[in-house]
Amino acid sequence: MVDILVIGSGGAGLSAALTAKQEGASVLVVGKSYPTTSQTSMAQGGMNAALGNVEEDHIASHIADTIKSAHGICDENMVRKMCADGPQVIEWLEQLGVPFSRLDNGQSGISSVAQRQMGGASAKRACYAQDYTGLKILHTLYDNCLKEGIDFLEEHYLLNLITHEGTIKGATFLDIRSGEVVKIDAKSVVIATGGFGALYHGYTTNAYGSTGDGIAAVLRAGGAVSDMEFIQFHPTALKHSSLLISEAARGEGGYLLNSDGERFVDEIKPRDIVARAIFEQFEAGQEVFLDVRHLGETKLMELLPQEVELCRLHEGVNPVTELVPIKPVAHYTMGGIDVDDVLEVNGIKGCFAVGECSNAKIHGANRLGGNSLLEITAFGKFAGENAYKHAMFAKSTPADDTQLQKDKAHIEKIYSQECSINFYEERDKLGKLFYDQVGIVRENDKLEHALHEVITMQVALSKMGIEDQATTHNQNLIEFLEFSNALLLAPTVISSAIARDESRGAHFKRGFECEDDERFQKHIVLQWNKDAQ
Amino acid sequence: MKIKILRSQTNTHQEYTLPDGETTLLKALTHIKATQDATLTFSAGCRASVCGTCAVRVNGREKLSCAYKVQDGDIIEPLQYHPVLRDLKVDKQPAKKTLSTSTAWLHSFQEAAQNHADEKMSERQTDCILCDSCYSACPVLAVNPDFIGPFALTRAYRYSVDKREENVKGIIDNIQSNGVWDCTLCGECTAVCPKGIDPKMDITMLRSTSVQQGYEDPSFSQMSFGTPDFGGGGFGF
Numbered sequence: 001m002v003d004i005l006v007i008g009s010g011g012a013g014l015s016a017a018l019t020a021k022q023e024g025a026s027v028l029v030v031g032k033s034y035p036t037t038s039q040t041s042m043a044q045g046g047m048n049a050a051l052g053n054v055e056e057d058h059i060a061s062h063i064a065d066t067i068k069s070a071h072g073i074c075d076e077n078m079v080r081k082m083c084a085d086g087p088q089v090i091e092w093l094e095q096l097g098v099p100f101s102r103l104d105n106g107q108s109g110i111s112s113v114a115q116r117q118m119g120g121a122s123a124k125r126a127c128y129a130q131d132y133t134g135l136k137i138l139h140t141l142y143d144n145c146l147k148e149g150i151d152f153l154e155e156h157y158l159l160n161l162i163t164h165e166g167t168i169k170g171a172t173f174l175d176i177r178s179g180e181v182v183k184i185d186a187k188s189v190v191i192a193t194g195g196f197g198a199l200y201h202g203y204t205t206n207a208y209g210s211t212g213d214g215i216a217a218v219l220r221a222g223g224a225v226s227d228m229e230f231i232q233f234h235p236t237a238l239k240h241s242s243l244l245i246s247e248a249a250r251g252e253g254g255y256l257l258n259s260d261g262e263r264f265v266d267e268i269k270p271r272d273i274v275a276r277a278i279f280e281q282f283e284a285g286q287e288v289f290l291d292v293r294h295l296g297e298t299k300l301m302e303l304l305p306q307e308v309e310l311c312r313l314h315e316g317v318n319p320v321t322e323l324v325p326i327k328p329v330a331h332y333t334m335g336g337i338d339v340d341d342v343l344e345v346n347g348i349k350g351c352f353a354v355g356e357c358s359n360a361k362i363h364g365a366n367r368l369g370g371n372s373l374l375e376i377t378a379f380g381k382f383a384g385e386n387a388y389k390h391a392m393f394a395k396s397t398p399a400d401d402t403q404l405q406k407d408k409a410h411i412e413k414i415y416s417q418e419c420s421i422n423f424y425e426e427r428d429k430l431g432k433l434f435y436d437q438v439g440i441v442r443e444n445d446k447l448e449h450a451l452h453e454v455i456t457m458q459v460a461l462s463k464m465g466i467e468d469q470a471t472t473h474n475q476n477l478i479e480f481l482e483f484s485n486a487l488l489l490a491p492t493v494i495s496s497a498i499a500r501d502e503s504r505g506a507h508f509k510r511g512f513e514c515e516d517d518e519r520f521q522k523h524i525v526l527q528w529n530k531d532a533q
Numbered sequence: 001m002k003i004k005i006l007r008s009q010t011n012t013h014q015e016y017t018l019p020d021g022e023t024t025l026l027k028a029l030t031h032i033k034a035t036q037d038a039t040l041t042f043s044a045g046c047r048a049s050v051c052g053t054c055a056v057r058v059n060g061r062e063k064l065s066c067a068y069k070v071q072d073g074d075i076i077e078p079l080q081y082h083p084v085l086r087d088l089k090v091d092k093q094p095a096k097k098t099l100s101t102s103t104a105w106l107h108s109f110q111e112a113a114q115n116h117a118d119e120k121m122s123e124r125q126t127d128c129i130l131c132d133s134c135y136s137a138c139p140v141l142a143v144n145p146d147f148i149g150p151f152a153l154t155r156a157y158r159y160s161v162d163k164r165e166e167n168v169k170g171i172i173d174n175i176q177s178n179g180v181w182d183c184t185l186c187g188e189c190t191a192v193c194p195k196g197i198d199p200k201m202d203i204t205m206l207r208s209t210s211v212q213q214g215y216e217d218p219s220f221s222q223m224s225f226g227t228p229d230f231g232g233g234g235f236g237f
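These protein sequence lines are chains A and B, in that order. Just so we're aligned: 21 in the UniProt record's numbering is position 21 of the first sequence, and the numbers increase by one with no gaps anywhere. Just so we're aligned: 204 in the UniProt record's numbering is position 204 of the second sequence, and the numbers increase by one with no gaps anywhere.
Among the hints, erroneous ones may be present.
Dumping the calculated BS3-like pairs for lysine-lysine here, alpha-carbon to alpha-carbon at most 27 angstroms [claimed, not checked]:
| id | chain 1 | residue 1 | chain 2 | residue 2 |
| --- | --- | --- | --- | --- |
| 1 | B | K69 | A | K429 |
| 2 | A | K124 | B | K120 |
| 3 | A | K239 | B | K69 |
| 4 | B | K163 | A | K463 |
| 5 | A | K299 | B | K163 |
Derived CB-CB ranges, DEER-like [to be verified]:
| id | chain 1 | residue 1 | chain 2 | residue 2 | range |
| --- | --- | --- | --- | --- | --- |
| 6 | B | A112 | A | E322 | 34 to 44 angstroms |
| 7 | A | S462 | B | N167 | 54 to 64 angstroms |
| 8 | B | T12 | A | E283 | 46 to 56 angstroms |
| 9 | A | Y415 | B | D91 | 51 to 61 angstroms |
| 10 | A | D445 | B | Q36 | 29 to 39 angstroms |
| 11 | B | S100 | A | K522 | 45 to 55 angstroms |
| 12 | A | Y415 | B | H116 | 54 to 64 angstroms |
Calculated from the structure, these hints are not laboratory results. C-beta atoms are modelled at their ideal positions from N, C-alpha and C, and glycine is treated no differently.
Can you build the whole structure from these sequences, using the hints too?
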């Protein structure tokens, strides 16, 4: 039995693992892929911390900006903690060796870390490493995990959490390589499995694997989820491939133009406002382009080398001389596993959740650019500490094999399941359905229709078996399980969106265009009623 | 358009037909899996050339499948020097072990003044996405499976030039055996890196630092300077 089982090996999981290990705990990190392949690698623009290296800045301003962007439904204490931790976390990353971009200001330590402006920020606050901020933080965290001798178990797909009398006892996994269902016993569990943006398949900047597996497992184990309706659309993804063009492009002075060559929105407004403005242009029959030509090749290659390459490769345009066609797509899921102020899952003792899978109530209705990398590191450390504290007093009797046997039977059943409907086609359908009807601008009629469609898909799931009958390395099976989780989470998103008859942050509903604090300045929390099952 | 993919179970190249039109290899693989053959197995993640998951060999050359545009007649195979788990999916564990062996991390932190030029010292090296392309292209691994290989050495170099590292020798000590001197400087790694990193140059630089730290080229020390030797292996000429 390990002290701490960390599920998910992105930035949040590795920060938690490193911290717990430094506290003296035995730690095992389990992930469905390899640690350095996580969504964190895709975070480009930067990581907020009020260092004030470029211009005057204060933690209080960072707190105020975050609260403003959250539109009244964040937990201000959690926001305060995260923002106050910012400079310390940069210091921690500096000591681990993160290669931040630097200023020529003659300073040492974190005082020379370069900072840039991101949307909704009142100062140049985002620390960055060119446009590879997430990648470079993630890889440095990984190097340090190797240094500390932390154990990793790769290619293990989370099936279910094991609980006993409301307390975590471990989790079951499908070993993708062998095809075996295994049980891992642990005193504390940290879930850091990422968000569920892949629900919007084909219309998301997210990797294929961002299917919300941890959130679905928490729901099944009796834990709660909240704020599931708040999904951030990133204004600038490439039109044809949905690949992300970092907000830094606008932060550095890029314009948004419509087909008539007109600017139509203040580009450094928060993402929800810019995304909606673009959507309105689409409705008016316009196309929208990102214009960074005036920044010049030298600056572009210096600040946004990755984007320039992606535009050339996937869109066939050269941003140095041409306009880049863009569209807003699903980017970040603010809601997720409902946690308390020590990041413990509401409903499961000893189980902590951190990062995009978790709803620590700091992003509220809309996340500020640069706050997600801060959250995964600051709260990743916090989750590691708290999981360690729980582990010190937790009982070390392992759970029985009930869940293991159940899951073995479930996997066997999938192999023999009817396969008359191709779930890959359904996955595409679900993505388009969500983009069109649970997207940037919502309407109750469309949401009701989407819910109906999703329920039809859930019913049809028993006919969507797997064609690949191999027991080992069965990626077909994994993708089926991921899709099942997406279908489990889909109704929670739609039902919450239907329930919220107002517009707030990323959730915008026609017919209810204003914020209605009296009725809706609150979180919509969902939990399965176990007695009713 | 037709492409051939090496299938592990039969060890033969299977031909697939794709709809006409420009597409990335990753999209083509996804299309095949979704509509023609669910058993075709490969790895993929971000679609944006940054997670390092989807590297394969196309016509004998390492490519990220998300960044390669498929052409008629392409032959797709898994990376070399990694155990093939199934079809295009390989075990990256052995290659990753080299990161631990080379102790590519900050050994001893010291606070340092850093500027834009310092950032540039390792900017390119820290772009590495651990896709393992360079490892697959390295001919040394064909004869010495214990060679630390290009990406781990690039990473060791990254930390060795970091002003925050107080103990550069600590890193250098751990890349002497099966490390910097085993490279043949053929440059295959550099040629295939999708991020434009030049491991060959990094290894050259590490050799120079090694010499500064008191090491010498082991093959150099075996050379004889006492009598003229023009080779020929004893056959004389």
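Here is how each hint holds up against the structure:
1. B:K69 to A:K429: Holds, at about 25 angstroms.
2. A:K124 to B:K120: Holds: A:K124 and B:K120 sit about 22 angstroms apart, inside 27 angstroms.
3. A:K239 to B:K69: holds (18 angstroms)
4. B:K163 to A:K463: violated (59 angstroms)
5. A:K299 to B:K163: holds (26 angstroms)
6. B:A112 to A:E322: 34 to 44 angstroms: holds (41 angstroms)
7. A:S462 to B:N167: 54 to 64 angstroms: holds (60 angstroms)
8. B:T12 to A:E283: 46 to 56 angstroms: holds (52 angstroms)
9. A:Y415 to B:D91: 51 to 61 angstroms: For B:D91 against A:Y415, whose Cβ atoms are near 24 angstroms apart, the range 51 to 61 angstroms is violated.
10. A:D445 to B:Q36: 29 to 39 angstroms: Taking Cβ atoms as reference, A:D445 and B:Q36 lie about 38 angstroms apart, which means the hint holds.
11. B:S100 to A:K522: 45 to 55 angstroms: holds (49 angstroms)
12. A:Y415 to B:H116: 54 to 64 angstroms: Roughly 57 angstroms apart at Cβ, these two residues keep to the hinted range, so it holds.
Violated hints, in rising order: 4, 9; the structure is consistent with all others.
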